[in-house]
Amino acid sequence: MFRFLFVLFIIIPIIEIALLIQVSDVIGGFATIALVIITAILGARMVKQQGMGALQNAQSQMAQGQMPAKELFTGICVIIAGVLLLTPGIMTDVFGLLLLTPSIRNKLAAGLASQATVRMSTGAQQGASAFTQHPHSQQEQQHVNKPTTIDGEYERKD
Numbered sequence: 001m002f003r004f005l006f007v008l009f010i011i012i013p014i015i016e017i018a019l020l021i022q023v024s025d026v027i028g029g030f031a032t033i034a035l036v037i038i039t040a041i042l043g044a045r046m047v048k049q050q051g052m053g054a055l056q057n058a059q060s061q062m063a064q065g066q067m068p069a070k071e072l073f074t075g076i077c078v079i080i081a082g083v084l085l086l087t088p089g090i091m092t093d094v095f096g097l098l099l100l101t102p103s104i105r106n107k108l109a110a111g112l113a114s115q116a117t118v119r120m121s122t123g124a125q126q127g128a129s130a131f132t133q134h135p136h137s138q139q140e141q142q143h144v145n146k147p148t149t150i151d152g153e154y155e156r157k158d
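So in full-length UniProt numbering, spot 146 of the sequence shown is number 146, and the numbers just go up one at a time.
Any given hint could be a false lead.
Said to hold, decoys possible - Derived DSS-like pairs (lysine-lysine); straight-line CA-CA distance at most 27 Å:
no., residue 1, residue 2
1, K157, K107
2, K48, K107
3, K48, K70
The hints are simulated quantities; they were obtained by calculation from the structure and are not laboratory data.
Turn these sequences into a full structure, and let the hints steer you where they fit.
Next comes the structure, spelled out in structure tokens:
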């Protein structure tokens, strides 16, 4: 986790500053600032458009009783893209625009799905639920099965 935060807060800003300096040497300082502002504005519009589309698709799939897994992944990608596009810089804008590209998102989803593994419990095949708790000792078994009685008095006031 420390390495991730180190990269996120130290390395990426250093790369962004170096890229901004190099781009400003080529196209000029004002053009670089305009480029960053334009990508933020266009990115925000694209994020809004694709985010609303993903939300509508997710709602229609849920209304049909289906799990909107693809739309949820699209929504997460759009949120990350929005953060990247609103962050000043060239590298983050490129990554943000890549996440807004449906073909890139589909390849990323396929890659993540191939890495995911689903493990089945052997108890589920024998009729027992994988979520059932089994007490370990006889004493715990008696404690679980023992009914709880609360003794008290009450007075009704109308």
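Hints, verified against the model:
Taking the CA atoms of K157 and K107, the gap is near 68 Å; set against the 27 Å cutoff, the hint is violated. Restraint check for K48 and K107: satisfied, since their Cα atoms lie roughly 22 Å apart, inside the 27 Å limit. For the hint linking K48 to K70, the alpha-carbon distance of about 18 Å falls within 27 Å, and the restraint holds.
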